[in-house]
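All residue numbers for the sequence shown refer to our numbering, where the first residue is 3 and numbers rise by one.
Hints may be right or wrong, so weigh each one.
[Unchecked claim] Simulated DEER-style distance windows between Cβ atoms:
id	residue 1	residue 2	range
1	Ser354	Ala322	38 to 44 Å
2	Gly194	Val250	36 to 42 Å
3	Asp229	Ala17	33 to 39 Å
[To be verified] Straight-line C-alpha distance at most 27 Å; calculated DSSO-like pairs for lysine-lysine:
id	residue 1	residue 2
4	Lys20	Lys178
5	Lys125	Lys312
6	Lys178	Lys125
7	Lys56	Lys125
8	Lys342	Lys289
9	Lys342	Lys330
10	Lys178	Lys168
11	Lys125	Lys289
12	Lys56	Lys20
13	Lys330	Lys312
14	Lys56	Lys178
15	Lys125	Lys168
16	Lys289	Lys330
Don't read these hints as lab results, they were simulated from the structure. C-beta: ideal position from N, C-alpha, C; glycine also.
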Amino acid sequence: MTDQEIYTWPALTHALIKGRDLTSEEAWWAMQQIMRGDVDPVPLAGFLVALQAKGAVTHEVNALSSSMLEHSRSISAPFGAVDIVGTGGDGAHTVNISTMASLVIRGAGIPVAKHGNRAVSSKSGSADVLEALGVRLNLPVEGVQRVLDEAGISFCFAQVFHPSMKHGAVARAGLKLPTVFNVLGPITNPAGVRAHSVGVAFEEMAPVIAGVFADRGASAIVVRGRDGLDELSIAAETDVWEVRDGSVTSHVVAPEDYGLSRARIDALRGGDPSYNAQVARDLLAGKTGPVRDAVVLNAASGIVAAEGLKESSDASPAFAERMLRAVKRAEDSLDSGAAKAALERWINVSQSVETPAETLRS
3 MTDQEIYTWP
13 ALTHALIKGR
23 DLTSEEAWWA
33 MQQIMRGDVD
43 PVPLAGFLVA
53 LQAKGAVTHE
63 VNALSSSMLE
73 HSRSISAPFG
83 AVDIVGTGGD
93 GAHTVNISTM
103 ASLVIRGAGI
113 PVAKHGNRAV
123 SSKSGSADVL
133 EALGVRLNLP
143 VEGVQRVLDE
153 AGISFCFAQV
163 FHPSMKHGAV
173 ARAGLKLPTV
183 FNVLGPITNP
193 AGVRAHSVGV
203 AFEEMAPVIA
213 GVFADRGASA
223 IVVRGRDGLD
233 ELSIAAETDV
243 WEVRDGSVTS
253 HVVAPEDYGL
263 SRARIDALRG
273 GDPSYNAQVA
283 RDLLAGKTGP
293 VRDAVVLNAA
303 SGIVAAEGLK
313 ESSDASPAFA
323 ERMLRAVKRA
333 EDSLDSGAAK
343 AALERWINVS
353 QSVETPAETL
363 RS
């Protein structure tokens, strides 16, 4: 008997409506069907709404993401590489904080394999602002690998690395509601990175995502600002779930704990890709203020995640001390010009790739 005969969309959707968690096998099957294009938009939409209403749990999300990765294209990141990304959907329309933080992390000497896409709920996604900065993104998989190897930082464009995601696009677009897919992107990095900093807009999903990373043996910092930001906030305290050695511990971060100033979210408000790119250039040129503080704080979380791969939790300092040390490294990356040099290197290497590229469309 095949899995097609064991599971059906009506049965799984009915189970979710009744409040039953899917088994890992059921969740795996569902994503396999989605990635193969074997489910029509209407039953898929019903399934996604039912799962959202019940609330996805760790083993479901783990199975869905693992199944999704089976259908992705991939590259190989070096040990110690980190991804820093947010789920989006916080409605704050800030500048591209995690994208700028990725440059600071690279300037601190840590490889970065950033997974991202174009804007969905904001005016400028990570891909949009990077293109505005001059980074060439219309590269095939082997080109992305070369850029990572030579520049130490690269961008895994979701629509290139997860082509099978197109099969769920009609159902998702028709719903116009958050679904589990909003949290799958940050946990399906196709470069095999084991260090992650992930901002989560949906409060109930933060511990779920942390649990997924714990099950994978990853080193991760999962954050949600108490003002709703899917970043470490400088406008409020931030709840942090740290994943190390298969376990999750909770912390609370405030910017003033690390010598940074609080500011209103309005001070981080972004615009179109051109505007956000200029904000990034100003930051790298030495401009101080709320944007710098926000970027430094978030870059520090990525640095801590990367360091977590090399340090045993039993032998390392307390979280606050490790964050303070990482904040200093992030500030040094900016002050020394290393972050700016990381962007320049990235631009030059990406523009030099001669492999024929597929034209990417938003």
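Run the distance test for Lys125 versus Lys289: straight-line Cα separation, threshold 27 Å. holds (23 Å)
Pair hint outcome, Lys20 versus Lys178 [Cα-Cα no greater than 27 Å]: With a Cα-Cα distance of about 23 Å, the restraint between Lys20 and Lys178 holds, given a limit of 27 Å.
Take the C-beta atom of Gly194 and the C-beta atom of Val250, compute their distance, and say whether it sits inside 36 to 42 Å. violated (22 Å)
Is 33 to 39 Å right for how far apart the beta carbons of Asp229 and Ala17 are? holds (36 Å)
Does Lys289 pair with Lys330 here, judged by a C-alpha cut-off of 27 Å? Holds, because 17 Å separates the two Cα atoms, which is no more than 27 Å.
Given the hint that Lys342 pairs with Lys289, does the C-alpha gap stay at or below 27 Å? At roughly 12 Å apart (the allowed maximum being 27 Å), Lys289 and Lys342 satisfy the hint.
What's the verdict on Lys178 and Lys125, does the C-alpha distance respect the 27 Å limit or exceed it? holds (17 Å)
Hint consistency between Lys56 and Lys125 [alpha-carbon to alpha-carbon, up to 27 Å]: violated (31 Å)
Could you see if the CB distance from Ser354 to Ala322 stays within 38 to 44 Å? holds (42 Å)
Holds or violated: are the alpha carbons of Lys56 and Lys178 at most 27 Å from each other? holds (18 Å)
Can the restraint linking Lys56 and Lys20 be considered satisfied, given a maximum Cα separation of 27 Å? The given pair, whose Cα atoms are some 8 Å apart, holds under the 27 Å limit.
Given pair status - Lys168, Lys125, alpha carbons within 27 Å: Distance ~22 Å between Lys125 and Lys168 Cα, so the pair holds.
When each numbered hint is compared with the structure, violations occur for hints 2, 5, 7.
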